[in-house]
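S.K.: Sequence:
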Amino acid sequence: MQHITALLAALFAALFAALAVAAAPVFADGERAGEFDYYVLSLSWSPGWCAREGDARRSDQCDPRHDHGWVLHGLWPQYHRGYPSFCRTAKAPPSRAMTAAMADIMGTAGLAWHQWKKHGTCAGLSATDYYALARRAYGQVNRPEVLRRLDRTVRLPASVVEEAFLQANPGWEPDMITITCRDGYIHEARLCLSRDLDPVPCGRDVARDCTRKDALLPPVR
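Using mature numbering (1 follows the signal peptide of the UniProt record, and there is no 0), the letters of the sequence shown map in sequence onto residues -22 to -1, 1 to 199.
Just so you know, these hints were derived from the structure itself, not from any lab.
It is possible that part of the hints are untrue.
What the hints assert, rightly or not - Taking CB as the label site, the calculated pair distances span:
(1) P135 with D107: 37 to 45 Å
(2) D33 with D129: 33 to 41 Å
(3) R43 with G162: 41 to 49 Å
(4) D176 with S73: 29 to 37 Å
Don't be surprised by glycine CBs; every beta carbon is placed ideally from N, CA and C.
Using the sequences plus the hints, can you model the full thing?
M.R.: Okay, structure coming up:
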């Protein structure tokens, strides 16, 4: 009897481990540049980031003079499951002037540099071309104007934010965008794009919408 109990315990442990591996995101450091399936364009709600951590860092991104709403977090090469990162590339890294020039849509030059190192190196492009592509992808998204009109912090379902993006961008489908939350706040809007920057369905590991009904969304400063 003890033998059977131990065997069952071992089987359950193995099954649990297998399920955990299947559910976990897959990523690979040091992959070859240019080998990926599609892009994820990630937009971050700057007022929420500032409330969570930017103010404590005294980040210039949070200064009201910038009037930031949705800022570009990054343009991420993606596999159908998982993603490459910190890829091997012979392309020269961006100059300080190049990263500084991205701060108008990314909030800080530091973020632009980090995004190149982790994700841009995997696109198979020069830093100049990668930033230009990211800027073009950001520019072709209609960011919901209604969210910029808030005059106070509100609580709302994350699905409302997704619907606002879908209404502002005719032709998008719900499986092409996901809204994420962090620490109780609306965090990011992630749109899946082909290598030609056409909207496409997201992979299963990306399509994980926030299910909160009371996520915080602070107003633009």
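S.K.: The structure should be examined with respect to each hint, and the outcome stated for every one.
M.R.: Verification of the hints:
| no. | hint | verdict |
| --- | --- | --- |
| 1 | P135 with D107: 37 to 45 Å | holds, 38 Å |
| 2 | D33 with D129: 33 to 41 Å | violated, 19 Å |
| 3 | R43 with G162: 41 to 49 Å | violated, 27 Å |
| 4 | D176 with S73: 29 to 37 Å | holds, 31 Å |
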